[in-house]
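Asker: Residue numbers (my numbering), protein chains in the order written: chain B, -6 to 298; chain C, -9 to 74.
The hints are simulated quantities; they were obtained by calculation from the structure and are not laboratory data.
Possibly wrong hints are sitting among the right ones.
[As the list claims (entries may be wrong)] Derived pair list, reagent style DSSO-like, types lysine-lysine, alpha-carbon separation capped at 27 angstroms:
| no. | chain 1 | residue 1 | chain 2 | residue 2 |
| --- | --- | --- | --- | --- |
| 1 | B | K268 | C | K4 |
| 2 | B | K280 | B | K199 |
| 3 | B | K199 | B | K182 |
| 4 | B | K120 | B | K18 |
| 5 | C | K42 | C | K71 |
| 6 | C | K42 | B | K298 |
| 7 | B | K293 | B | K228 |
| 8 | B | K268 | C | K65 |
| 9 | B | K61 | B | K228 |
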Amino acid sequence: LKINNRDIRHTLKSSGLVLDIGFFKFNICSSLQSIEETISTLYCDYVHTEYDNVEELVDFHVQVRQVKQILSPPFFNSQAQFFLDNTAPFTPLPIQHAPAIIEWGMNWCVSSQINTHLIIHAAVMEKNGFAVVMPAPPGSGKSTLTASLIQEGWRLLSDELTLIQLDTYQVSPFPRPVSLKNESISVIKNRYPDVVFGPVSSDTAKGTVCHIRPPTLSVKNQHIDCPIGWIIFPKYQVDAETEFLPFGKAQTLMNVAENCFNYSVLGQLGFDVLKNVVDRADCYQFKYSNLDEAVSIFSKLEPPK
Amino acid sequence: VAIYRWISEISYVKWGVSSVIYNASSGNTYLVENIPSIMMEKYSANCCFNEKEIFQNYTAIDEQLITDSLNSFVKMDLLEKVED
Chain B
-6 LKINNRDIRH
4 TLKSSGLVLD
14 IGFFKFNICS
24 SLQSIEETIS
34 TLYCDYVHTE
44 YDNVEELVDF
54 HVQVRQVKQI
64 LSPPFFNSQA
74 QFFLDNTAPF
84 TPLPIQHAPA
94 IIEWGMNWCV
104 SSQINTHLII
114 HAAVMEKNGF
124 AVVMPAPPGS
134 GKSTLTASLI
144 QEGWRLLSDE
154 LTLIQLDTYQ
164 VSPFPRPVSL
174 KNESISVIKN
184 RYPDVVFGPV
194 SSDTAKGTVC
204 HIRPPTLSVK
214 NQHIDCPIGW
224 IIFPKYQVDA
234 ETEFLPFGKA
244 QTLMNVAENC
254 FNYSVLGQLG
264 FDVLKNVVDR
274 ADCYQFKYSN
284 LDEAVSIFSK
294 LEPPK
Chain C
-9 VAIYRWISEI
1 SYVKWGVSSV
11 IYNASSGNTY
21 LVENIPSIMM
31 EKYSANCCFN
41 EKEIFQNYTA
51 IDEQLITDSL
61 NSFVKMDLLE
71 KVED
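In isolation and in its complexed conformation, chain B is listed as follows:
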């Protein structure tokens, strides 16, 4: 059962709105208008159902609530806080950060609670049947590159969390809105005017944060798994010449392991999965400053032998 956008507000305020996102079901409750705006703008292509009408198990029950600190003065602005199963794992943040809070919170649910997959902090996209995994620390231009590539025909599997199956070593898609920060927002707005942006969260710890709606086709194909063809470490550097160089597999394994959320939890199994993934993939390091050149290089990637 799919519900209309006009019912979203009511559903979010009552028993909750269940979103099917890849492998998971999230039940979301909130009375905040910015959360309603986030859901209706960024998640309109997902199957969403009233919680009362869901027959399967829901994986995560999340809420973003307006809260006021005890003993805070009357002029103190109210805040927003993320809850999982009525427990608040994080301190409240200014209420204008609510759109970012729900996205960060949903990422946290999967990265901290799920061990059915090896989870890498990495963007992942697919083209011609193979996935490219891009592990990178904040500030490396990963999300800007991802936002560009998904407008150029790549299928978004995830902007933040690469979920690798423990038996097949394939990626289970978890396509979510792509998070852009600061200058990247205007870069993508100018380059792709048709991209749909969600509400802006200003003055967060990461600066200004805004998410973009994933391509409809990526959401539609969110249950199609994909083998990994390439592991690429991107690095954006102002005025840098484009460099796309092979990267050693042993060092790749070490770097990817450092970017995993649950490598140590999975122990031997985590190592075995990573060993197989890296062995089958072509590995590169990539430095860029020009998005046109970056897109061109990715379009020429040959499937691994």
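Based on these hints, arrange chain C on the given structure of chain B.
Answerer: Relative to the frame of chain B, chain C by itself:
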């Protein structure tokens, strides 16, 4: 002659001159360079072996490289020196 004993369960993968070793007992992962393949292939938990045996059987491998590899393995808590 130094006698060593493997003290940890390990898994490893080797690509070219680089190997990644996973110590299942500690959960640590190590990247090591230029470890002779034979050093890894000889691995078996609780198995003892002596340095001289390796020197004699694998004369093509530089003795210093073998000694360095053994010392690395000791530092990684993979091996212990049983006796000198």
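Asker: Run every hint past the structure and note whether it holds.
Answerer: For each hint, the structure was consulted:
1. B:K268 / C:K4: Holds - the C-alpha atoms of C:K4 and B:K268 are around 10 angstroms apart, at most 27 angstroms.
2. B:K280 / B:K199: Holds: B:K280 and B:K199 sit about 23 angstroms apart, inside 27 angstroms.
3. B:K199 / B:K182: 19 angstroms, holds
4. B:K120 / B:K18: Roughly 26 angstroms between the alpha carbons, so the hint for B:K120 and B:K18 holds.
5. C:K42 / C:K71: Answer holds: C:K42 to C:K71 is near 13 angstroms, not above 27 angstroms.
6. C:K42 / B:K298: 42 angstroms, violated
7. B:K293 / B:K228: Given that 27 angstroms is the threshold and the Cα spacing comes to 19 angstroms, the pair holds.
8. B:K268 / C:K65: Given that 27 angstroms is the threshold and the Cα spacing comes to 23 angstroms, the pair holds.
9. B:K61 / B:K228: The given pair, whose Cα atoms are some 40 angstroms apart, is violated under the 27 angstroms limit.
The structure shown violates the earlier hints numbered 6 and 9.
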